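Q: Construct the entire structure; sequences and hints are all you get.
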Amino acid sequence: MKKQEHEPPRIAMTLFRWFCQPEFREEIEGDLLERYDKNAQQDGFKRANRRFQKDVILLFRPSIVRNPFRSQHTDQPLGRKQGKRFAIIMGLTTAILLIPLVMMKFTKEVNWHALDFLVAGALLFGAGLSIDFVLRKISSRPKKALLVPAILLTLIFVWAELAIGIVESLIAAN
Amino acid sequence: MSQKSIGEFEEIILLIVAILNGKAYSVNIIEEIAERLDRKASLGAVQTVLKRLEHKGLLNSDFGDATKVRGGKRKRLYQITTEGQQALAKTRTQRNSLWEAIPNLSFKLI
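The listed protein sequences correspond, in order, to chains A and B. Per this note's numbering, the first sequence runs over residues 1 to 174. Per this note's numbering, the second sequence runs over residues 1001 to 1110.
These are calculated hints, taken from the structure and not from any lab test. Only a predicted model underlies this, so the values are computations on that prediction, with no experimental measurement involved. Hints are supplied without guarantee of correctness; some may be wrong.
Stated by the list, open to error - Partial chain B-side listing against chain A, Cβ under 8 angstroms, derived:
hint, residue
1, I1012
2, S1026
3, V1027
4, R1039
5, S1042
6, L1043
7, G1044
8, Q1047
9, T1048
10, G1071
11, K1073
12, R1074
13, K1075
14, R1076
As the list claims (entries may be wrong) - Reference listing, derived: stretches of chain A covered by chain B, where coverage requires no fewer than 3 residues with Cβ under 8 angstroms from a Cβ of chain B:
hint, region
15, 12-20
16, 24-33
Think of the CB as a built atom: it goes at the ideal place given N, C-alpha and C, for glycine as much as any other residue.
A: Okay, structure coming up:
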């Protein structure tokens, strides 16, 4: 039991191992552990834990973070299937965003700014990734049948709220 | 003469690596900065600059020993390259020339 108390925070360590580029992992993990040991000897384990967490957060930099488009375990580029799914989500997002873009050419009623496209793109892409995650990681069919519509409803609700403010409209109606 | 320019923090790291003479790695670089300059530097900042300087060819590195304190992980030891030494010399010359260009009067007024 005592040995566990002397270990650096597990969540922070797991997070570091997840985001760090594999070629830097060994040396930086060693540095983190060495600093943790020194801090623990100087100021106790509570402070050492906090500093360890801070060290991990401050390591989250572009030069240290691994490429998200490469596999976590082998550091190889994502497989064909994963790449294809990613391309489908990107393609669908772009296709949906093209609708208001084209409509803006024909009618003045549709007037989107760059920020609107950005927010809508992020919403659609996020929803697409979430659905993809549910379909791949959850094996139970009833759960899938519940979660996918829930994601879609959330997307529709957030979209409608941003477009016309349905919560405000409901409050005003009451 | 090296054409690679370096920033203030890069210059500090290069100088500390030169001071530590073959024994420089991120943890003792942070300690040297704290001791000599009374300045805090995070592991992330130091690692980022070390990687950048290595990429620029101003530093080179090799794996050192693994110790128990480091959980059996090897440390990466850095050494300054000839290009790194040239970059430091160039920065020093530039700074000296700027200091020499300050008229005495401007400091008397402060």
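Q: Take the hints in turn and mark each one as holding or not.
A: Verification of the supplied hints:
1. Because the beta carbon of I1012(B) sits about 17 angstroms from the nearest beta carbon in chain A, more than 8 angstroms, this interface hint is broken.
2. The closest approach between the C-beta of S1026(B) and any C-beta of chain A is roughly 5 angstroms, which is under the 8 angstroms cut-off, so the hint is satisfied.
3. At its closest, the beta carbon of V1027(B) sits 5 angstroms from a beta carbon of chain A; the interface hint therefore holds under the 8 angstroms criterion.
4. The criterion of a C-beta within 8 angstroms of any C-beta in chain A is not met by R1039(B), whose closest approach is roughly 15 angstroms, and the hint is violated.
5. With its C-beta approaching chain A no nearer than about 4 angstroms, S1042(B) sits inside the 8 angstroms limit, and its interface hint holds.
6. A cut of 8 angstroms between beta carbons decides the hint on L1043(B): the least distance to chain A is about 5 angstroms, and the hint holds.
7. Satisfaction of the interface hint for G1044(B) is found here, the shortest Cβ-Cβ separation to chain A being roughly 4 angstroms, below the 8 angstroms cut-off.
8. The interface hint given for Q1047(B) is met, as the beta carbon of that residue sits about 6 angstroms from the closest beta carbon of chain A, less than 8 angstroms.
9. Taking 8 angstroms as the C-beta cut-off, the interface hint given for T1048(B) holds, the closest approach to chain A being about 5 angstroms.
10. With its C-beta approaching chain A no nearer than about 4 angstroms, G1071(B) sits inside the 8 angstroms limit, and its interface hint holds.
11. Among the interface hints, the one on K1073(B) holds; its C-beta lies about 3 angstroms from the nearest C-beta in chain A, closer than the 8 angstroms criterion.
12. With a least beta-carbon distance of about 6 angstroms to chain A, the hint placing R1074(B) at the interface is held under the 8 angstroms criterion.
13. Hint status for K1075(B): holds, given a least beta-carbon distance of 6 angstroms to chain A, under 8 angstroms.
14. Evaluation of the R1076(B) hint against chain A yields a held restraint, the C-beta minimum of about 4 angstroms falling below 8 angstroms.
15. Closer than 8 angstroms: that is the beta-carbon criterion, and the region 12-20 of chain A has 0 residues meeting it against chain B, so the requirement of 3 is violated.
16. Chain B is given as covering the region 24-33 of chain A, and this holds because 9 residues of the stretch bring a CB closer than 8 angstroms to a CB of that chain, at least three being needed.
In this structure, the earlier hints numbered 1, 4 and 15 are contradicted, and the remaining ones agree with it.
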